[in-house]
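Colleague: Sequence:
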Amino acid sequence: MAWALKLPLADEVIESGLVQDFDASLSGIGQELGAGAYSMSDVLALPIFKQEESSLPLDNENEILPFQYVLCAATSPAVKLHDETLTYLNQGQSYEIRMLDNRKLGELPEINGKLVKSIFRVVFHDRRLQYTEHQQLEGWRWNRPGDRILDIDIPMSVGIIDPRANPTQLNTVEFLWDPAKRTSVFIQVHCISTEFTMRKHGGEKGVPFRVQIDTFKENENGEYTEHLHSASCQIKVFKPKGADRKQKTDREKMEKRTPHEKEKYQPSYETTILTECSPWPEITYVNNSPSPGFNSSHSSFFLGEGNGSPNHQPEPPPPVTDNLLPTTTPQEAQQWLHRNRFSTFTRLFTNFSGADLLKLTRDDVIQICGPADGIRLFNALKGRMVRPRLTIYVCQESLQLREQQQQQQPQPQPQQKQEDGDSDGTFFVYHAIYLEELTAAELTEKIAQLFSISPHQISQIYKQGPTGIHVLISDEMIQNFQEEACFILDTMKAEGSDGYHVILK
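Numbered by our numbering, the letters in the sequence shown go through residues 760 to 1264 in order.
In case anyone wonders, no lab produced these hints; they're calculated from the structure. A portion of the hints provided could be inaccurate.
In silico lysine-lysine, DSS-like type, Cα no more than 30 Å apart, as pairs [claimed, not checked]: (1) K976 with K863; (2) K839 with K1012; (3) K1205 with K1222; (4) K998 with K976.
Label-pair ranges, simulated between beta-carbon atoms [claimed, not checked]: (5) P1038 with H1215: 28 to 36 Å; (6) H1215 with E1020: 17 to 25 Å; (7) G865 with P1038: 21 to 29 Å; (8) N978 with R1106: 28 to 36 Å.
Note that beta-carbon positions come from the ideal geometry of N, C-alpha and C, so glycine has one too.
Just need the whole structure built from these sequences, with the hints factored in.
Modeller: Written out as structure tokens, the structure reads:
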């Protein structure tokens, strides 16, 4: 028998009034916590909430992302709840990333039957290293000449079209793919996490990286610039087989914990799902860092807090010389030929690697390409540069040396001792500046590039003359500089402006 409770009429009236009062009392909450106070979506966008948000069930089907990327590598079991997953990778080993199309019926119809473009990056996870990323990567390039940080294992990959790797961007690769077809890309990370630690005495904790994927669709002009989706995950890279040992160590540590302690940690998953993130900015702050060798912590050049800020956008750095290397693959050699205006000969050199091209003699190249293009290609292969009209060497005066000079009594010839850098054990690093136009404007631009600042922040450049006078640098003075002259750079705050004066001692 089914029972039904029927309230008297008076009780129904009372209940109806209570419901209305309760609804009215709740109506103000949405107004107080509306968009005027804060946006909850901004809070959930923080990195610490990314993994937690991805693990929650989706109540609304509209929140399903159009694409999903899955890294076929197990996550670490030693990650606490609500923290982002961490995945260990072996250096140089190929790992599959599956590119999945999660679109609902009728979603993004404009990309049906068309290709999309995805850009892969390996970047730093720590913000401290993000601000000096350009300096860190340039230092890695010098220590590992000819190597790349990120590569695509093309023979193992499926469904990728026109894979490209820019020689000047060691940590970036890109390719086209069709969402309607099966696509898997195998990536190789060649750097290890301990290469970017402060000191390398053995046993240091390696820095975490991020693998980020940005996907774009084609615009009306045929350029892949319209952003569709971005996702990333946190990784650490170890020497070969080091990731397997680290995974085993974490698993053994977790087995020794009590059941109560295990509840505070995430389980280890067979694969790593990349979580949604903001797209990588086209113009980033990583170019703000000084060039390798200029230690900003001991710099005598002060530009305020804005010098390292993400909003600070200095002049673009000088282009990196695009030399062909013996380790260049045939695909990279084809791209090199296109970049250096040898597109008409790409079919002739289809299967030539960098080593094959560099073995060609001058007569071989002339016979294949003709006299004019043959000489030009031979010079490009050998990396022959046009000799600059003037070369000078500059050194940044250290802050420590300046403080020592202020505390000590002035000596008869302090400048000579500074330039030698041997009298008190002080070691100076000089940087070469190559001048072609021999003008003051060119010298200003080259010094600004050296400090990674805007040329507009340099008001004047002076040369220290006899008895310590400051002589304004002119075009004629630069034209009379001696070849390979050495100078120490000092700076002064310009009065009445935010600029600086640079003094060549």
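Colleague: If a hint holds in the structure, say so; if it doesn't, say that too.
Modeller: Now the hints, each set against the structure:
no.	hint	verdict
1	K976 with K863	holds, 17 Å
2	K839 with K1012	holds, 13 Å
3	K1205 with K1222	holds, 16 Å
4	K998 with K976	violated, 36 Å
5	P1038 with H1215: 28 to 36 Å	holds, 30 Å
6	H1215 with E1020: 17 to 25 Å	violated, 58 Å
7	G865 with P1038: 21 to 29 Å	holds, 24 Å
8	N978 with R1106: 28 to 36 Å	holds, 30 Å
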